[in-house]
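Asker: Sequence:
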Amino acid sequence: MVDLKRDIRYINRDFNDFRSALIDYSKTYFPNTFNDFTETSTGMLFIEMSSYVGDVLSFYLDNQIQETFIQTARQTENLFNLSYMLGYVPKVTTAASVDIDFFQQVPAKLVSGVTVPDYDYTLKIPENTQVSSNANSNIKFLIEDVVDFSVSSSMDPTEVSVYQLSGTQPTFYLLKKTRKAISATINTTTFTFTSPQRFDTRTLNVSNLIGILDVKDSDDNTWYEVPNLAQENVFDSIRNTNVNDPNYSDNSDAPYLLQLKQVQRRFVTRFKNESTLEIQFGAGNFGDNDEEIVPNPDNVGLGLPFEKTKLTTAFSPLNFVFTNTYGIAPSNTTLTVRYLTGGGVGANVEAGSLTAIDDTNIVFLNTNLSDSSLANTIFASIASNNVLAADGGQDGDTIEEIRRNATGNFQNQLRSVTQEDYIIRALSMPANLGVIAQAYARPAKIGEYQPGELPTVLDLYILSYDINKKLRTASDILKRNLQTYLSEYRMINDSINIKDAYIINIGVNFEIIVRPNYNNAETITKCINSLTTFFEIDKWQINEPIMMKDISILLDKVEGVQTVNNIEIVNLAGESLGYSKFSYDVNGSTIDSVLYPSIDPMVFEVKNPTEDIRGRVVPI
Numbered sequence: 002m003v004d005l006k007r008d009i010r011y012i013n014r015d016f017n018d019f020r021s022a023l024i025d026y027s028k029t030y031f032p033n034t035f036n037d038f039t040e041t042s043t044g045m046l047f048i049e050m051s052s053y054v055g056d057v058l059s060f061y062l063d064n065q066i067q068e069t070f071i072q073t074a075r076q077t078e079n080l081f082n083l084s085y086m087l088g089y090v091p092k093v094t095t096a097a098s099v100d101i102d103f104f105q106q107v108p109a110k111l112v113s114g115v116t117v118p119d120y121d122y123t124l125k126i127p128e129n130t131q132v133s134s135n136a137n138s139n140i141k142f143l144i145e146d147v148v149d150f151s152v153s154s155s156m157d158p159t160e161v162s163v164y165q166l167s168g169t170q171p172t173f174y175l176l177k178k179t180r181k182a183i184s185a186t187i188n189t190t191t192f193t194f195t196s197p198q199r200f201d202t203r204t205l206n207v208s209n210l211i212g213i214l215d216v217k218d219s220d221d222n223t224w225y226e227v228p229n230l231a232q233e234n235v236f237d238s239i240r241n242t243n244v245n246d247p248n249y250s251d252n253s254d255a256p257y258l259l260q261l262k263q264v265q266r267r268f269v270t271r272f273k274n275e276s277t278l279e280i281q282f283g284a285g286n287f288g289d290n291d292e293e294i295v296p297n298p299d300n301v302g303l304g305l306p307f308e309k310t311k312l313t314t315a316f317s318p319l320n321f322v323f324t325n326t327y328g329i330a331p332s333n334t335t336l337t338v339r340y341l342t343g344g345g346v347g348a349n350v351e352a353g354s355l356t357a358i359d360d361t362n363i364v365f366l367n368t369n370l371s372d373s374s375l376a377n378t379i380f381a382s383i384a385s386n387n388v389l390a391a392d393g394g395q396d397g398d399t400i401e402e403i404r405r406n407a408t409g410n411f412q413n414q415l416r417s418v419t420q421e422d423y424i425i426r427a428l429s430m431p432a433n434l435g436v437i438a439q440a441y442a443r444p445a446k447i448g449e450y451q452p453g454e455l456p457t458v459l460d461l462y463i464l465s466y467d468i469n470k471k472l473r474t475a476s477d478i479l480k481r482n483l484q485t486y487l488s489e490y491r492m493i494n495d496s497i498n499i500k501d502a503y504i505i506n507i508g509v510n511f512e513i514i515v516r517p518n519y520n521n522a523e524t525i526t527k528c529i530n531s532l533t534t535f536f537e538i539d540k541w542q543i544n545e546p547i548m549m550k551d552i553s554i555l556l557d558k559v560e561g562v563q564t565v566n567n568i569e570i571v572n573l574a575g576e577s578l579g580y581s582k583f584s585y586d587v588n589g590s591t592i593d594s595v596l597y598p599s600i601d602p603m604v605f606e607v608k609n610p611t612e613d614i615r616g617r618v619v620p621i
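For the sequence shown, this note's numbering begins at 2 and goes up steadily by one.
Each hint should be verified, as a subset may be incorrect.
[Said to hold, decoys possible] Lysine-lysine pairs mimicking DSS-like chemistry, simulated, CA-CA at most 27 Å apart: (1) 558 / 540; (2) 110 / 181; (3) 550 / 527; (4) 125 / 181; (5) 582 / 558; (6) 125 / 177; (7) 181 / 217; (8) 262 / 470.
[As the list claims (entries may be wrong)] Cβ-Cβ distance ranges computed for the label pairs, FRET-style: (9) 198 / 35: 24 to 30 Å; (10) 60 / 469: 18 to 24 Å; (11) 389 / 198: 46 to 52 Å; (12) 477 / 69: 28 to 34 Å; (13) 363 / 584: 46 to 52 Å; (14) 469 / 600: 37 to 43 Å; (15) 601 / 67: 39 to 45 Å.
Simulated from the structure, these hints should not be mistaken for lab results. Built from N, CA and C at the ideal position, the CB exists for glycine as well.
Hey, can you work out the whole structure from these sequences and the hints?
Answerer: Set out below in structure tokens:
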């Protein structure tokens, strides 16, 4: 039997290529067997069916290859999985943060002939108390710590002022405390477990999920969230009191004690998409004792031949203990999961809007008040207000943001060395701390320090969003959060000043010639919509120039546009008009049809596209 070698081409990818190749193959190797290549013949039926199958298989093969790389993946679940593999947790929704001032009245009393506040009438507002927006009751904020008006320290001062006078004598005082709050609502769900299952996984399907607040079982044991199940040690904070600290003197400079504790009850979380969160537990039984402490000369040094591989083991400082069980699996219990929802751009509420307090759990510290009428008056005096607008709230990462942040996060390997590292780290700050809208880093210049600033090696310029996703100067609380966050990743010799970037508001005026038989108004509207998309602020970075040619090409592609006659960028400034207070010389900064930013870090923003982008049709 003769072994015939067939000429087979492997470059065919689509239906037409497969069809042509099969026809040529038949003509070459089966000229006498089949020669009817008309469209309706039986042979062509099988050829085209085979081409169809080949085309479909080729499509799915290409698609699968595409979905295995973060640079090309399009499916949300694949992007999330690839991001986790690179060590980045995509943001689903981000909570806004703000400082809220809390007030209450207290009566005056005489002590040794001196009028002072009567602290017997002070109130206690528990942690996680809800404060709602007066403009939208669906937008709620949680305070992160207890408000105790009876306590005042350098870390938690109580401001006292006279509220009411009788002649020259105070009759009521006003107490004020400030607390950080985030835009979130506490929700609860339960999961029931019977016999233990290895790496048991439960799913939480919730929109606008910020994260897990806490998990407790039927016996009131706490389950701890960890970055990975191999990590048994977690940092935990407890109140600094004489009960918890044998060396207690006061808590003025350290209200909380930080401790490292080993936990067997632990879990990890992973988002599958924008509204699906998986919660996974360990594989062991309670009492398993397979811990291996590392590093240790006994178990890391040279020993048996198979132990030599430990010399090349990557030991993480975060993982002091490794186990084979990766924590215990819950069994014969019910876990109560409290999670937070909310956030988003809509949570960036205006100043003075957080005034509605949920007083359900507010109590007097003194339970033996004799004057109930006065107590009712004092209780009714509780009030709140946010002096500054909330910021940091943002919707979930877009596809392009996931790609950028994930790859950047992987490159810096949990440390910030280059300027780009600090930018990526700032943009990746955990959601409960707020989100930076824009970030730009550059080496600090000698002699440019402002009063109160320390000499640094790096200046980090940032901006945040307001409630309408327009750029604004970041609040002090957001800057403090960022400073604290970056301190965990910076090099030991690096010092960072966080500064405000400049916002330059611009408008676009253009002139076009419309093709015959096209409606002028519709064409102008299409042009404005294209420019609105082009100038979406999350597509622009600090110190990015504007290429006039790009705008011209964009307008030229709009259906109905025959010629782009003129394009003009104008500066819009003035706080009274709703724009940034900073002016900019657009004409002087435009060279060869490129609008360049200033030396000082800044970003161009079209704040009100419907008003600031204007078009006009001119005759041929």
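Asker: Which numbered hints turn out to be false for this structure?
Answerer: Numbers 2, 5, 8, 9, 10, 12, 14 - these are the hints that the structure violates, sorted from lowest upward.
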